[in-house]
Amino acid sequence: MRMILDCVHPCRPYEKSRFLDAIFTPAEVRKTIFDMALTKTPGLDGLPTFFYQKYWPIVGEKVTSACLGVLNHGFGLEAETLIVMISKVKRAVRMLDFHPISLRNVTYKIVAKTLANRLRTVIDDVISET
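Heads up, the sequence shown is in my numbering, so the first residue is 205 and it goes up one at a time.
Just so you know, these hints were derived from the structure itself, not from any lab.
Some clues are possibly wrong.
When the alpha-carbon atoms are kept at most 27 Å apart in a straight line, the in silico DSSO-like pairs for lysine-lysine are as follows [to be verified]:
1. K235 <-> K294
2. K244 <-> K258
3. K294 <-> K220
4. K235 <-> K313
5. K317 <-> K220
6. K317 <-> K266
7. K266 <-> K244
8. K235 <-> K266
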């Protein structure tokens, strides 16, 4: 195994590697929430993204703290998902008339999108197009 691993060379430039390894900041979390669509489907708590944006002065500190706890310290986060069938036609009868959507809480979505935003900066260096 060691022989194989010795043949693998890091392909991330040093600066990007440092960026990926850096702690997540409150500014990154805030940017993520305000970049999300207002009408993003709510989670089990029933609160859409709009709620978090509108009431950011009230909930922002606690939401940021929860997200940074997960991102920087590996704290757990409830990741319950409710899959709901949405009708594609007026009078849906068959399963083909429906499509599923996943309802996850917004805090989970913020964490996932913040991670994705970080990875987006190096993805071209790590994965080739072919």
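Hint-by-hint comparison with the structure:
1. K235 <-> K294: violated, 38 Å
2. K244 <-> K258: The hint holds at about 14 Å.
3. K294 <-> K220: violated, 50 Å
4. K235 <-> K313: holds, 13 Å
5. K317 <-> K220: holds, 18 Å
6. K317 <-> K266: Since the Cα atoms of K317 and K266 sit roughly 18 Å apart, the hinted pair holds (cutoff 27 Å).
7. K266 <-> K244: holds, 20 Å
8. K235 <-> K266: Given pair K235, K266 holds - Cα atoms ~15 Å apart, limit 27 Å.
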